[in-house]
Each structure stands twice: as C-alpha cells, then as structure tokens.
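Q: These are the residues of each chain, in order.
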Amino acid sequence: MKILKSWLKDYIEFDLSDNEIDDKLTFSGTLVDSYVSGLDQNVIIAKIIDIKKHPNADRLKLVTITDGQKKYDIVCGADNIKVDQIVPFAKLGTKLGDFEIKKISIRGVESSGMLCSEKELGISENHEGIMILNSDYQLGKPLADYLDNDTVFDLEITPNRGDCLSHLGIARELSAVLHKKYRREPITLNSGAETASSKISVSISDKTLCPKYYARYIKNVNIGPSPKWLQDRLLKLGLKPINNVVDITNYIMLDLGQPLHAFDANKIEGNSIQVRRAKPGEEILTLDNESRKLSKNVLVIADSKKPIAIAGVMGGGNSEISETTKDIILEAAIFDRKNIRKTSKDLGIVTEASYRFERGIDFAGVEYAINKAAKMISELASGAVLSGIVKDEELDKEVLIPIEYEKINDLIGTDISPQETNSILKWLGFEITDSCAKVPSWRQDLQIWQDLAEEVARIYGFSNIEFKPIPKIDPPKKSEFYYKEYLKDLLVDQGFTEVFNYSFLSELDSKVIGLNTSELLEVINPIQQDIKYLRNSLIPGLLKSIAKNPTFDPILVFEIGNVFNKNEEKITLSIATSGKNARSYIEKAVEIIRNNFKFSADQLAINELTREELTRFKIKKPISYTVEVELNDIKKLAKFKEDIQLNIPEKSIHYRPISKYPSVTRDLAFVLDQKIKNDELIDQMYSTSNSVSRVELFDEYKSDKLGKNKKSIAFHIYMQEMDRTMTDEEANKIVKKIIKIVENTYQAKLRD
Amino acid sequence: MVKGNLHPVTQLIRKAVKFFESYGFDVFEGPEVDSEWYNFDALNIAADHPSRDVQDTFWLKDGKLLRTQTSNSQVRYGETHKPPIRAIVPGICYRNEATDSGHEVMFMQLEGLYIDKKVNMGQLFWILDEFYKSFYGPETKIRFRPHHFPFTEPSLEFELKFQGKWFELGGAGMVHPKVIENMGIDPDKYCGFAFGPGIERPIMIKYGISDIRLFRSGDLRFLKQF
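Taken in order, these protein sequences are the chains called A and B.
Going left to right, the first sequence walks through residues 1 to 752 as our numbering numbers them.
Going left to right, the second sequence walks through residues 1 to 226 as our numbering numbers them.
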C-alpha cells in the first residue's frame, strides 16, 4: 500500500527524514518495501552567465553559472543551453536516486556540479536537454520549493493489520513508535432543517453480515472534476480521478481506511435501502460493466425493487453517479469479513473496498468517515447535506484482554515493568483498567495475551531484547536422515554428482518411460497444463540432467528424493551413468552400496537404456545405465555398527557464474613436493583470474622417478568470459600467469 | 579420476544439522504431499482468512496438497513427541508462483521447532544469530523485525548483513498457543519457538549466485563448483 509523507502530516507532526520513517515503521512491524523521495534540497535554481568550448572535447561545454551570490564552473554536454537561461543546478553532494553528484574531472576540466534534465530530476521521462525554467524561479532557492515535493512510501501490510490500510492508520503506528499524539480534526457539518430520514430509511436483515450501515443524503451536488490537490493525491497513490464525488469517496478510503459508496438517489426506486442476501435469480450489472448472477450467499444493497450494489465489493451500474447526478446517498458500513472474502472469491472480484472489508474496519470510525466525506462533498461539489445520519446497527463489541505482565516478559525474555507495558499499550490506543486492556476499535486481530506480548515487544523494540543462550544437551538418536547422507558420501567418493530435479512429470515424460499415468498423483492447478503429474520415479529427471550436459564425459549423477503414487510417498535413490566407462562406474557404485547396506542384487539391478530411449531423451552418448531403489528402511539395512557421523565438506568454493559463451580448456601438469596440498594449489589457480571458471584435478601419482618426495598432478583448467568468447591468446596469457605463480610459490616444475 | 560433488543445498543442510544436533535437535523429514489440516488449519491459517492468500498452493486431485512450508511438520512432530521438543526439518516446499531469478516453484526450507517450559524470544534470537555466524563467520550481523504469521505470536522476520547489504532470510516466532494445542500439548504449561528460513538464499548470498533456478537446473557446470 502506498502512503504519502505530506498526508501523514495531516495527522501527526514529525521531523524525520525518509530514511528514519522507513526505519521507525519497518522495525515496529510495518515493512517499508521502498520509497521514492522528493527532490533533494541541493538542487537549486541558477542562471547561465557564460558558455565556452571545452578545450579537449568538441561535444562538451564549459558553463559558468550563478546562484545569485556565487559562481560555479561546470562541464555540460547538452545542446539546448544558452546564456541567461534559468536552469536547475545540482550542487556537489546532491543525491539523485542512487546517484551522488561528486567533484569530477571531465576530459581534464573540473566540474563542480551538474545541470539537470527533467529525467535526471525524476520529474518526467524527458531527457532531451537541460530543463529550462522561467524567471518566476528565484535564483539560489531549492527547486523542490516549486515542485510538488512529496515522498511516496510503499508498505507491505500483513493480512492481520487491516487498520494500517490508511494514512490515519499509519499515523497511529508512528504515534505509538514516536510517543507523539496524533490528531483527527473534529468535523462540523452545516445542515439545514431538512432531515435525511425524511428521504430514506435503512434496514439490515442480517446483522452478522452487516453490523453497521450508515447513510447520508446530500442534495444538489455539482458533479465535476475534483480540485487539483485532491487529484494529485489520488494520482500519486495510483488511483485515477473520476469526478468529485467518486474521488472524495476514494480519498476518504485512503485517508481513514473506511470504504464508502455513493448512489445516485434519483435512480433508486422507493425510499428504503435494504441490506439483505440476494434473492434467487437476482442479477446485477456491476460498475465494471459485467453482468453478475448472485447466489444467496451474496449480501446486496437493494432499493425496494432490485440490488443496487454488491455489499462491500462493487456498486451497480443502475445507481452509478454520472454527470447529471443531482442528489446522492452516501453509504458507510461494516460488512462481515468472511462473507466479503467469500463473495470476492466466488465472483472473482477484488477491489480496494473488498480488500479492506476482508481485513477489518474500525467500527468506531464509520461516523467520522461519513461526516468527513459529506463535508468534503458540500465544499467541493457544493452539495447540501441533509441533517442526520440514517442508520441501522448492532451494539459495538468490546474485546477485553487481561494483561499477563509476567507471562509477557517470560515469553519475550525481558524485564519490562507493568508501568512501561501499560504505557506502550496506551500509546497503541488500548484503554487500561485493573490490569485489563480494552482493544482499540480499529484492531480486530487481538484476542489473547500473546497478542499483547507482540504489541509490547514490537514497540519496546526487538533490538532491545537481549540474546539468551539455550542449554546444550546430548544429540538425539541418529534418524534416517544420517543414513541417507552416508549413502550420498559413498557415491560422491566414486565421482558422482548430486542433482536435484523437479517433482513434476509431463505427459510426455510418462510416455517416454512407459508409465501408467492412472497410478500417478495429479496436480489440479499445475504451472503448465501438461506438467501435471507428480513423479513416481527419479529416472526421467536424471536422464534430462544427462541430456543437458553434453560437454561432460562421463556423466555420473544421482538423486535422493521423494516419489509419489496414489497410495504413498517413498524416499528413493536413483543413479545414472553415461558415456566413458559408464558400465564400470555404475557397477562400482552398486558394489559399494551393497558393501554398506543389505540391498539384494535385484533391488539394485542395473538397467541399460535402449538406443530408442536415449534418442527420446535427446542423449547423444551411446550408452547409459540407471539404478533405482527405495530407501524407506535405510536405517535397518545398514551393515555398519559404529555411530554414524555427518561429513561436512570443507573445501573452499570459488563460484563463477555460467557464461553463455564457450570456455577454453588447457591441461597443466606439475611436479612438486608431496606435502603441498592439492586444494591449496587449486585455490591459487582460481585466485589468478576471475576468468578461471573450473579447475579439475584429473591425474595424480607419486613416484621416486620424479625426484625424492615428489608427486605429479594434472589439471583441466577451464577459462571463460561472460560477455564474449575467450580467445586463445587470452587463455594463453592466463595459463602463463598460473604457471609462473605455481612454479614460484611451490617450487614446482611444469611437465611437458 | 572423476570428482564427485554434493549438492550445495545438501552441504548447507549438513552444516545446519551439525550445528543444531549439538543443542539436541532431532532431524525429521515430513511428507511433501500433505493434508490441508497439517499445512494450514493446524497452523491457525483458516481458509476464510486472507492469510491463506499469502501462499499460492498446488492442490492435488485427491484433495491433498503439496506442502507450502516445512511448518506442516510442526504439528506432525509435536503430536508424536513429548516436550521438551527440539527438532529441525529440512525439506522441499512448493509454491504455485511465476518463476524468475528469485522465485522457484520448489525450494528448500529449514524448519526448527523448540518447545519447553519458559522458552523465550531472546533464545530464538540467540540461536539464529549463532547459526548464521557458524555459516558466514563470527562478524555476521543478524537483525529482527516484527512480522505476521498466523502460527506464531509474536512473529518476526530476520535479515542478514553481508558485504554491507541487508538480505531477508526468513520468518520465525513464538509458536501460537493454538498450534501447541493442536499438537496435544498444554499451551498453558509449554511454549516455544519455531523458524523456517529458506536454504537456497543464504547460499546465493554467500557465493553471489544470481538465479535460484540453477539449483534444480541439473547443470553440471553449476553443480560441479561445489
């Protein structure tokens, strides 16, 4: 939800920077997603007094300007500037978005600031040239003084906080955080002798669905555009101005959080407004020009003949305000949250109004909202407000929560005094009597003492809560998890790489591996219509992984994951090998697993893919094998007795993004002392250049023939550029550098 | 000689398990296909409340769903164990959302659950702080800000400062008494904390990985770097 800084100031005085507001709100529970600040005060109005050519660049100019007192020399590239023009000038230190103006030298000449285009100032998309001002703009003054200079905050309001969906609501939050009172101007309405109740009546048939319905009658309105200030506020928050009456109802909603609706009184048949469930067969053409059939669950506002609005969701076309509207009925009501949610879901309409009703409205704020709107309509649309509010309602419900001072401290881990707790709650609008808190009328999310604990904690400040260690105790018995991880280590030791694939299978995947889809679980709302099954095998995923990596040979991959069918979810291991020595790798893997776990040969049967299957999965390598086995009883199948420990790989990782461009490979072999760790050497190679994308050890042996205590190690070194294909020359340069560093650091010798 | 590699997610999960086992946390892995009860209702997320809308759910034809959070295991674990309870649940979660470099339909969470007498928020802050320090180093800074989850009260989100920038890591809070009650445990006697940060994100932050979809890409150029 968007909030304007200037609008908050209608309710509460504060002298905070945008950043401070961001902090205060975010760390008290109202997350500020982002904000767009008004223009920096360092952008001032200046006049050009001299323009010269730049000595070293034809397209640049040396411009001298004055702010009325001081002169500045700047370098500028715009074509549209002339002597005597009035222009916006960004002084050193100005922040324009993320960009800060600093003293720089442009082609050998220093520039102490910048002349700005409208785009640079964030005023428009115009980047054609420097913004030219007229002589009304006074030299030396901040440009911001002449512009509408407001900050728009974009807030994430959690679903429990319907009360924060307005400027008043956010002002209340600031008030609690800053311990500063907010004020709501009292409304005085001038109405004549004629009463609203002489024009209309209101009745609610079911007060659980509508606990409160207020209406005012306003005569002789002049429908027309709203004044600029009102349109501006709506526009800045993303609402389109329509006409004065509709704009005022929208304005009040953003202002106070109370959705309002205005009906054209002369389009209403009879003189009674009924709030009731829709009757069988009833339909309504809503304001979005859709004809909607209404079920009996839908609450409607009706005149004596027909529905004129879907309560709390959208008005009807049959009672819409138009240019010719003279008299209006203004509605302010509270509707049941659950029913509004259901209606909105059933009809597929979410409006600003339904969104707020679903999240709860301040039941004590209805009268103020309708009065403020009526006053604005009388002032801005010259309407005559008839005396009195026509209403039907049930008694407001009070929520009282006993304050468990000690339990609250125990739960937060603090030692806050009862006085401070009370003070925090009072600033939040609670009324406190005898250790009991009466929940403010605008908060419908609070029922239990734990809710109060959250209120106290967030205003007290999470950053003031002391960290407290929890006691160490003996680790529990090792669960299945540990055995799975052990199995992974066995495979990784054999050269296998662990992959994670998606749990979804397409129709095509199931055909390719000949699955009977009737046994598969099916997603009702898949991401793509054809990818709707849940996998009952990990093999299709592994085969796709093989197909995706044609440059690797051999490919040794495995996955441990859950597979599904209509009856159960099973944890499963699948292994696949492809390419060079694929058969011996998978045989070795099976052997190692069987050495450690009591699987039968059948359970770990090796399947060779047919040529046809390989083609279907677009695998280019001639041979591939797979094994798949359930792991549900893995713990019982373990042959080893010792306590199982988790192995944490401690190798250093040098992450390099994957380039779209091909990499260059070189092989290097060195002879060096056996004591030198391979990992250290690999680290060294990565650090040589960011273009080194992969270093792979592929051969290592020790022999006295190489010299005493020497070993030979050989690496594949892959190099790449992110934005182009690396040339041989570039690769050779890096390789040379690596050789030099390795030879010098480790007294190593390069082998031919 | 081909070198094998553990998936980067596995590596982080192992570090997490190693850290939490020293404080007595059991490892539990709940089902990925679960009922509406365990995934939503038992966690105080009523169908008629807008908090349901926060997570886009994959529904199955048989009425079940793909869990949207590892929190589905809170009540499952709680109803089969007596307090004191200390458990972590690493696992896959599913969200029916449009994917981009920051969003995936499948991602991993690390659920943590701690239920005992007189557990407090200061302890929750402490253990999260310690854990991320063990992963990123002792200079690591974690901060907390209030948030809302129906299954915790108070609720919070936490952020990590890495190379001068703050990154959101996930949510946590004090387990809601209704959730404790749904475990069959007396909420007047016991309370606790729970947390459920993502697993991919800390890895992305640490190594500068810009696209979450790489984790399930099967691309060996990515996986063989870990």
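Don't take every hint at face value.
[To be verified] Part of the chain A face toward chain B, derived, beta carbon under 8 Å:
id, residue
1, Asp-145
2, Ile-465
3, Phe-481
4, Lys-544
It is worth saying that the hints were derived from the structure and are not from the lab.
Glycine included, each C-beta is placed from N, C-alpha and C at the ideal position.
Q: Checking hints one by one. Is A/Phe-481 an interface residue toward chain B, by the C-beta closer than 8 Å rule?
A: Status holds, d = 4 Å.
Q: Checking hints one by one. Is A/Asp-145 an interface residue toward chain B, by the C-beta closer than 8 Å rule?
A: violated, 34 Å
Q: Min Cβ distance, A/Ile-465 to chain B: is it shorter than 8 Å?
A: A/Ile-465 check passes; min Cβ-Cβ to chain B is 5 Å, inside 8 Å.
Q: Given a cut of 8 Å on the nearest C-beta pair, is the interface hint for A/Lys-544 held or broken against chain B?
A: holds, 6 Å
Hint 1 from the list above is the single one not met by this structure.
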